[in-house]
Amino acid sequence: MAEKLMKYADAVKQFDPVFGLETHVELSTNTKLFCPAHIEFGGEPNSQLTPVSLGLPGSLPVINETAVDYAIKLGLALHCEIAEWSQFARKNYFYPDMPRDYQISQYDKPTNGNGYLDVELEDGTVFRVQIERAHIEDDAGKNTHVGGADGRIEGADHSLVDYNRAGVPLIEIVTKPIEGAGERAPEIAGAYMRAIRDIVRALNISHARMEQGNMRADVNVSLRPMGSKEFGTRSETKNVNSFRGIEKTMQYEIRRQAAILADGGEILQETRHWDEATQTTAGGRVKSDADDYRYFPDPDLVMLHITKDRIDRISKEMPEMPRERRNRLQQEWQFSDLEMRDVINADALDTIEATVSAGASASGAKKWWLGELSREANAKGVSLEELDITPEDVAEVEKLIADGKLNDKLAKQTVAGVLAGEGHPADVVKAHGYQVVSDDGALVAAVDEAFAANPDVVEKLKSGNMKPMGAIIGAVMRATKGQADAKAVTKIVMEKLH
Amino acid sequence: MSDIQELVKLSAAEMAGKIQSKEVSSRELVEAHLSVIEQAEPSIQAFLTVSGEEALAQADAFDERHAEGEAEDAPELAGVPIAIKDMIVTKGIQTTAASKILEGWVPPYDATVIEKLKAAGMPLLGKTNLDEFAQGSSTEHSAYQTTHNPWDTERVPGGSGGGSASAVAAFEAPLALGTDTGGSIRQPGALTGTVGVKPTYGGVSRFGAIAMASSLDQIGPVSRTVLDSALLQEVIGGHDRRDSTSIPMDVPALAAAAREGAKRDLKGMKVGLVKELSGEGFQPGVEARFNEAVSMLEEMGAEVVEVSCPHFPYSLGAYYIIMPSEVSSNLARYDGMRYGLRVMPPADVPQTAANMMAYTREAGFGDEVKRRIILGTYALSAGYYDAWYGSAQKVRTLIIDDFNKAFDQVDVLVSPTSPSTAFRFGEKTDDPMAMYMNDIATIPANLAGVPAMSIPSGLSDDGLPTGFQLIAPQKRDDVLYKPAAALEAALNDKWGGPMWQSMNTPWLDGLTK
Chain A
1 MAEKLMKYAD AVKQFDPVFG LETHVELSTN TKLFCPAHIE FGGEPNSQLT
51 PVSLGLPGSL PVINETAVDY AIKLGLALHC EIAEWSQFAR KNYFYPDMPR
101 DYQISQYDKP TNGNGYLDVE LEDGTVFRVQ IERAHIEDDA GKNTHVGGAD
151 GRIEGADHSL VDYNRAGVPL IEIVTKPIEG AGERAPEIAG AYMRAIRDIV
201 RALNISHARM EQGNMRADVN VSLRPMGSKE FGTRSETKNV NSFRGIEKTM
251 QYEIRRQAAI LADGGEILQE TRHWDEATQT TAGGRVKSDA DDYRYFPDPD
301 LVMLHITKDR IDRISKEMPE MPRERRNRLQ QEWQFSDLEM RDVINADALD
351 TIEATVSAGA SASGAKKWWL GELSREANAK GVSLEELDIT PEDVAEVEKL
401 IADGKLNDKL AKQTVAGVLA GEGHPADVVK AHGYQVVSDD GALVAAVDEA
451 FAANPDVVEK LKSGNMKPMG AIIGAVMRAT KGQADAKAVT KIVMEKLH
Chain B
1 MSDIQELVKL SAAEMAGKIQ SKEVSSRELV EAHLSVIEQA EPSIQAFLTV
51 SGEEALAQAD AFDERHAEGE AEDAPELAGV PIAIKDMIVT KGIQTTAASK
101 ILEGWVPPYD ATVIEKLKAA GMPLLGKTNL DEFAQGSSTE HSAYQTTHNP
151 WDTERVPGGS GGGSASAVAA FEAPLALGTD TGGSIRQPGA LTGTVGVKPT
201 YGGVSRFGAI AMASSLDQIG PVSRTVLDSA LLQEVIGGHD RRDSTSIPMD
251 VPALAAAARE GAKRDLKGMK VGLVKELSGE GFQPGVEARF NEAVSMLEEM
301 GAEVVEVSCP HFPYSLGAYY IIMPSEVSSN LARYDGMRYG LRVMPPADVP
351 QTAANMMAYT REAGFGDEVK RRIILGTYAL SAGYYDAWYG SAQKVRTLII
401 DDFNKAFDQV DVLVSPTSPS TAFRFGEKTD DPMAMYMNDI ATIPANLAGV
451 PAMSIPSGLS DDGLPTGFQL IAPQKRDDVL YKPAAALEAA LNDKWGGPMW
501 QSMNTPWLDG LTK
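Protein chains in written order, with full-length UniProt numbering: chain A, 1 to 498; chain B, 1 to 513.
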């Protein structure tokens, strides 16, 4: 049943969107939040368990201090106030994937509160998103519904529960209501998520792979008439797990709600789900007063005490933040805004930086990673990092060019050899005997031959018409099987003409 | 050696002495107690599971180590067997919390206290009965059986730890472990004439103790003498990284304090009589024994003063908010998904996980447990939280203040443990409030996390044992043991030996070797 939608442009002309994001980031600790169970993606179902993560009678949670360190790092990166005393609470509800039938989360005393994140948009505009809190909690297990269509619970004849994920540490980053975004709301939401992804990667606290569920967001959207101060009723679209999905969810909800409001209807306060296949959100559970999680402080866990010394120690270990790093590298590399955006969009910042560190020029590194290598990665559907060539290899090729040992053509063949698994550039060059001919004797002979074969061309050149120069160089190249240094050939030709 | 009767009537410390001197082996002790268990169980029914084979294997392992001189670093109680309340998980031995919902559950791990007992070479005789999930004061709420008081098998042994108390009182075990949330070790101690200790909260690891109310639960010793409890607490106490609420400190010198107390010199000690924990509601015989005991403390040199703890009358109310609130959350995990009972809905009801959980919990929990889950769910509900749980926590703070002020004036506080002696089966099961009143004197110590102990103080005019409670400041469990041991010695003098001499033990008749 297709829902009525308003055109996006009309919707944002008539209504002012207010939105908020609750982002779950799975931490990349070795063990779970409250027990020493090992965490590994893709393990055999129910193989990563302890009495604690299975909620066995008598088991007790003990906080993983590494997860707390990670939370502090994220709090610092998001300019949060880090509470000296924070507390875990129990969120009580029955669900098969919850081993204790309550989640341990932070409620009224989160570790991180009141921060912000400056988000840079495509055109360079910076939008500040206020952060309400970033709290620590444990994840639930995973239900698999069997026997129905598409793994949905409807129509399934039974379900399987895998508790490997139960107890994996999460940080939930909650924004304050984001106002004033107007028509750019979806773009800001997407850029915010990418910024969070970049930060947690830079901090090395999460694998941050959305496709593996390391990051997912609940998207809250409401509309209000232009000029109104009061928030409208919101919908909450749960567990959106791609950047595009977040932008599309925002657009869809704005269009859907606008159509309802324009017809004089009311927005239902409900949780919805983003359907990637139909590119729509579907209504889920209506939120009501019946949702009562009976939060209370978890008596099994003492309050979390974070000393100033601990925060100071972690502050000193903080890496450069992604936005600052981008600005610094752009300056160092002397790239234009446009060039830099291409680098970011190609996700090539890390590889270019590594290639420059290995000795290549910034422009040389960019040429390879955004050219040949991006094409190769796209064709294979892998990231630049996953290609069979390292930044050191690329730097080595660049050096061979600079030293006059390879020309462009040979360099491309060398890179192709590395990608084909033939070894490092030196190995490929050696195996194929790639070598620029710069021996004057051989080249002079080849030029003489070319002159003799093309007297008309020589005439034109002598008369100052340099256009046919390519014909001579081409002939020399053919004679030397492409190994001639074009610059050296040109020099000899010029000398002979004068 | 001597006959079984003589052997099992020894204190645990005496048994340990005979092991040390190789007069008796751990195996002989286990065998003796297993034969008492066999004779006593038809009338006492203290045990839910007897783990005889495991106990004998543990005893043999210890005897071997001992014979080879490898047990020299073992605690004093090494080789002495012990019974375990079925609220504490034991690897490979069914653990039920006396609930149908855990019937057949065999834990894959040991509680920290069990690991410590095993390391000490103390064989586990079996698992003792209790009120379901430790919720009750008579052990009548067990889903499996009714435990009888060895003093009068028509009467309850108290609860929730009636099984551990009766087993020790009936000589089925020299020692036992209990759990105390509002008095579940001390009140059965009082009703069966045994010693029961609730250590400082955080003094003994809760890892592996099935949770009833996490902020109140403590594992503690049950024994026939004060010294035995001291020795046992030294084995099970100490910091455990697997329990976040465990206090990072060493166990105080408890046995030394008990041995010092046996000298019966209490000069310089100040004892506080809690005004609010006597008088109305306390059985005259209980009061009489209590007053005599206080006089004995004075005779041994203690200075006795009356202190007021004005907020204690509110403790029962606060307890019955906090405890059920935590119960409602702690017992949520028994949902049929992962272990224990699973009841599928009838065919005409949708076969969903939610329905399975509902049918399982309906069938698996008894009425008292359901009553507390409902109370706690209500107390934590949005809109009621501040009025109920929030207020109760404020009362808790006031009770802690009362204790702090009292301990500014005195070293140790005393009161009767329980308002009455053992009552008859069924006498209070239809009146929850009457049942809850049993814990009026024991609850304040749980709310404040301070250590407390009950020791036998004689027999009431009905011929049944009475209990005398001592309460010490937090982390000062040692302060309990000195006056307790002194009083025990003085009472033994007065009554011509331990109180249990007056108990009829037909199940021991004919037990000779």
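Hints were generated in silico from the structure; no laboratory data involved. Computed from a predicted structure; not experimentally measured. Just so you know, even glycine gets a beta-carbon here, dropped at the ideal spot from N, CA and C. A hint or two may mislead.
Now the stretches of chain B that chain A is said to cover, found in silico as 3 or more residues with beta-carbon under 8 Å [what the hints assert, rightly or not]:
#, segment
1, 265-274
2, 349-363
3, 381-389
4, 421-428
Keeping only pairs whose Cα atoms sit at most 20 Å apart, straight-line, the calculated SDA-like set for lysine to any residue is [stated by the list, open to error]:
#, chain 1, residue 1, chain 2, residue 2
5, A, LYS109, B, ARG338
6, B, LYS91, A, THR50
7, A, LYS91, B, GLU280
8, A, LYS91, B, TYR385
9, B, LYS370, A, ARG201
10, A, LYS91, B, LEU508
11, A, LYS367, A, SER357
12, A, LYS91, B, ALA382
13, B, LYS394, A, VAL493
14, B, LYS91, A, CYS35
15, B, LYS370, A, ASN407
16, A, LYS109, B, THR352
17, A, LYS91, B, GLN393
18, B, LYS394, A, GLN87
19, A, LYS481, A, VAL493
20, A, LYS481, A, GLY421
21, A, LYS142, B, ARG338
22, A, LYS142, B, ALA353
23, A, LYS109, B, ALA353
24, A, LYS91, B, GLY390
25, B, LYS394, A, VAL302
26, A, LYS142, B, MET356
27, A, LYS91, B, TYR378
28, B, LYS475, A, VAL302
29, A, LYS142, B, ALA382
30, B, LYS394, A, GLY232
31, A, LYS13, A, GLY232
32, B, LYS394, A, PRO297
33, A, LYS109, B, MET356
34, A, LYS109, B, GLN393
Right, here's what the structure says about each hint:
1. 265-274: Result for this restraint: violated, n = 0.
2. 349-363: holds (count 3)
3. 381-389: holds (count 4)
4. 421-428: Contact hint for the segment 421-428 of chain B vs chain A: violated, 0 residues under 8 Å.
5. LYS109(A) x ARG338(B): This hinted pair is violated, its Cα atoms lying about 32 Å apart.
6. LYS91(B) x THR50(A): Status holds; Cα separation ~14 Å.
7. LYS91(A) x GLU280(B): violated (42 Å)
8. LYS91(A) x TYR385(B): Holds. LYS91(A) to TYR385(B) sits at ~14 Å (cutoff 20 Å).
9. LYS370(B) x ARG201(A): Violated, because 48 Å separates the two Cα atoms, which is more than 20 Å.
10. LYS91(A) x LEU508(B): violated (52 Å)
11. LYS367(A) x SER357(A): holds (16 Å)
12. LYS91(A) x ALA382(B): Distance ~12 Å between LYS91(A) and ALA382(B) Cα, so the pair holds.
13. LYS394(B) x VAL493(A): With a Cα-Cα distance of about 98 Å, the restraint between LYS394(B) and VAL493(A) is violated, given a limit of 20 Å.
14. LYS91(B) x CYS35(A): Holds, because 19 Å separates the two Cα atoms, which is no more than 20 Å.
15. LYS370(B) x ASN407(A): violated (83 Å)
16. LYS109(A) x THR352(B): violated (36 Å)
17. LYS91(A) x GLN393(B): holds (19 Å)
18. LYS394(B) x GLN87(A): OK: LYS394(B) and GLN87(A) at ~18 Å, within 20 Å.
19. LYS481(A) x VAL493(A): holds (18 Å)
20. LYS481(A) x GLY421(A): At roughly 24 Å apart (the allowed maximum being 20 Å), GLY421(A) and LYS481(A) break the hint.
21. LYS142(A) x ARG338(B): holds (14 Å)
22. LYS142(A) x ALA353(B): holds (14 Å)
23. LYS109(A) x ALA353(B): violated (33 Å)
24. LYS91(A) x GLY390(B): Measuring from Cα to Cα gives roughly 17 Å; hence the hint holds.
25. LYS394(B) x VAL302(A): holds (18 Å)
26. LYS142(A) x MET356(B): Judged against 20 Å, a Cα distance of about 19 Å means the pair holds.
27. LYS91(A) x TYR378(B): holds (15 Å)
28. LYS475(B) x VAL302(A): With a Cα-Cα distance of about 17 Å, the restraint between LYS475(B) and VAL302(A) holds, given a limit of 20 Å.
29. LYS142(A) x ALA382(B): Roughly 28 Å between the alpha carbons, so the hint for LYS142(A) and ALA382(B) is violated.
30. LYS394(B) x GLY232(A): Since the Cα atoms of LYS394(B) and GLY232(A) sit roughly 38 Å apart, the hinted pair is violated (cutoff 20 Å).
31. LYS13(A) x GLY232(A): Answer holds: LYS13(A) to GLY232(A) is near 16 Å, not above 20 Å.
32. LYS394(B) x PRO297(A): Given pair LYS394(B), PRO297(A) holds - Cα atoms ~14 Å apart, limit 20 Å.
33. LYS109(A) x MET356(B): violated (35 Å)
34. LYS109(A) x GLN393(B): Holds - the C-alpha atoms of GLN393(B) and LYS109(A) are around 17 Å apart, at most 20 Å.
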